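*Asks:* Sequences are here, hints too, so could you generate the full structure?
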Amino acid sequence: GAVVSQHPSRVICKSGTSVKIECRSLDFQATTMFWYRQFPKQSLMLMATSNEGSKATYEQGVEKDKFLINHASLTLSTLTVTSAHPEDSSFYICSARDSQGAQNSPLHFGNGTRLTVT
Amino acid sequence: DAKTTQPPSMDCAEGRAANLPCNHSTISGNEYVYWYRQIHSQGPQYIIHGLKNNETNEMASLIITEDRKSSTLILPHATLRDTAVYYCIVSPLNTDKLIFGTGTRLQVFP
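If you read the protein sequences in the order shown, they are chains A and B.
Residue numbering for the first sequence follows my numbering, starting at 502 and increasing by one per position.
Residue numbering for the second sequence follows my numbering, starting at 368 and increasing by one per position.
Rather than coming from a laboratory, the hints here were simulated on the basis of the structure.
These numbers were taken from a predicted model, which means no experiment stands behind them.
Check before you lean on any hint, since a few could be wrong.
If you anchor each label on the Cβ, the simulated ranges turn out as follows [unchecked claim]: (1) T439/B x C514/A: 41 to 47 angstroms; (2) P477/B x Q530/A: 42 to 48 angstroms; (3) G396/B x T518/A: 46 to 52 angstroms; (4) P443/B x T619/A: 16 to 22 angstroms; (5) P509/A x T439/B: 35 to 41 angstroms; (6) E381/B x K567/A: 42 to 48 angstroms; (7) T446/B x P509/A: 29 to 35 angstroms; (8) E523/A x K419/B: 36 to 42 angstroms; (9) E523/A x S376/B: 32 to 38 angstroms; (10) I441/B x G554/A: 37 to 43 angstroms; (11) G517/A x N390/B: 41 to 47 angstroms.
Lysine to aspartate or glutamate pairs mimicking DMTMM-like chemistry, simulated, CA-CA at most 25 angstroms apart [as the list claims (entries may be wrong)]: (12) K565/A x E553/A; (13) K464/B x E564/A; (14) K542/A x D378/B; (15) K370/B x E553/A; (16) K370/B x D434/B; (17) K419/B x D599/A; (18) K464/B x D599/A.
Quick reminder that beta carbons are idealized off the backbone N, C-alpha and C, glycines included.
*Replies:* Written out as C-alpha cells, the structure is:
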C-alpha cells in the first residue's frame with residue numbers, strides 16, 4: 502500500500518533555531534501534500550496545503566513566514582519551523598494522496614514528527 | 368469546522384464487535400465518508416470510505432444510512448490493538464483536504 506515517510510520522528514531544538522521536517526511519498530507521486538499539527542489531547546489541525554512547483558496554501562491563522570513549506574518534487578515536501586519557540590512544540594504530521602490514483606482514493610499519513618522546543 | 372458528530376468515547380470487550388456511530392446530517396451529494404484511526408503517538412491510519420453503498424474491507428465494514436445522514440463503522444472482532452481514536456470525516460470529491468473533528472476514543476478491554 503501507499504507509504505508516506507516522515508523524518509525525523511523526534512527532534513529537540515533550542516528556542517530561536519529552525520527545524521526542517523521532511524515528508525516523502527515512497528511508492529507514489531503526490532502533486533499535493535498536507536501538513537497538520539496536533540497538540541496533546543487534541544485533534545489534528547490542518548496547517549497548509551503543499552503544492553508541487555508552486556506556493557503553499559496556508560489555513561487561516563497559520564503564519565506562512567514561520568512555517569515555510571517547499572514542495573520541490575513529486576515525492577518530497579518539507580516544513581521548516583523558523584525561529585522556533587516553546588509554543589511551537591507539537592506533533593507535526595504530513596499526508597499525501599497518489600496523484601495518479603482515483604479521485605476518491607484516501608490520503609495516507611506519515612507517522613509524525615514530535616517537535617520539542619526548549 | 369468539522370461536519371461530523373461522534374461520541375467522545377466508547378468501550379468494547381475484546382472479541383466483540385465495535386460499532387462506532389457518526390452523524391453527518393449536512394452531508395452533500397458529492398461528499399464521501401472517510402474513517403481513519405489514530406493510535407497513540409502515530410499518524411492517522413486509513414480504514415475505509417464510502418459514498419452511499421455499504422463497504423467492507425479486511426479491516427472493517429462501513430454502513431451508511433439510506434439518507435446518508437449517518438454512518439456506522441463496524442470492527443467485527445475488536446482486539447486490544449484496536450484501541451485508538453477513530454475519526455469520521457466527510458469530504459467532497461473535488462478537494463483533497465480532510466478536516467478532522469474530535470473523534471471517538473475507543474477503548475478495547477480484555
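*Asks:* Hint by hint, say whether it matches the structure.
*Replies:* To see whether the hints hold, each was checked on the structure:
1. Take T439/B and C514/A: their Cβ atoms lie about 43 angstroms apart, and the range 41 to 47 angstroms holds.
2. The hint said 42 to 48 angstroms for the Cβ distance between P477/B and Q530/A, and at roughly 44 angstroms that hint holds.
3. Distance hint check: the CB atoms of G396/B and T518/A are about 49 angstroms apart, consistent with the given range 46 to 52 angstroms.
4. Between P443/B and T619/A the CB atoms are about 46 angstroms apart, so this pair departs from the stated range of 16 to 22 angstroms.
5. Checked against the given bound of 35 to 41 angstroms, the beta carbons of P509/A and T439/B, roughly 38 angstroms apart, stay inside it.
6. Between E381/B and K567/A the beta carbon distance is about 45 angstroms. The supplied range of 42 to 48 angstroms therefore holds.
7. A hinted range of 29 to 35 angstroms holds for the C-beta pair T446/B and P509/A, which are about 30 angstroms apart.
8. Checking the proposed 36 to 42 angstroms range against E523/A and K419/B shows it holds: the Cβ atoms sit about 38 angstroms from each other.
9. Judged by the Cβ atoms, the range 32 to 38 angstroms given for E523/A and S376/B holds: they are separated by roughly 35 angstroms.
10. Look at I441/B against G554/A: about 42 angstroms separates their beta carbons, and that is inside 37 to 43 angstroms.
11. Between G517/A and N390/B the CB atoms are about 45 angstroms apart, so this pair conforms to the stated range of 41 to 47 angstroms.
12. Restraint check for K565/A and E553/A: the C-alpha separation of about 16 angstroms stays at or below 25 angstroms, so the hint holds.
13. Taking the CA atoms of K464/B and E564/A, the gap is about 19 angstroms. The hint holds against a cut of 25 angstroms.
14. Straight-line distance between C-alpha atoms of K542/A and D378/B comes to about 18 angstroms, which keeps the hinted pair within the 25 angstroms bound.
15. In summary, the hint linking K370/B to E553/A is not supported, as the alpha carbons are separated by about 28 angstroms, beyond the 25 angstroms threshold.
16. Distance restraint check for K370/B and D434/B: the Cα-Cα separation of roughly 16 angstroms lies within the 25 angstroms cut-off, and the hinted pair is therefore satisfied.
17. Between K419/B and D599/A, the direct Cα distance comes to roughly 23 angstroms. Compliance with the 25 angstroms bound is thereby established for this hinted pair.
18. Under the criterion of a C-alpha separation no larger than 25 angstroms, the hint pairing K464/B with D599/A is consistent with the structure, at around 14 angstroms.
When held up to the earlier numbered hints, the structure conflicts with 4 and 15 and fits the remainder.
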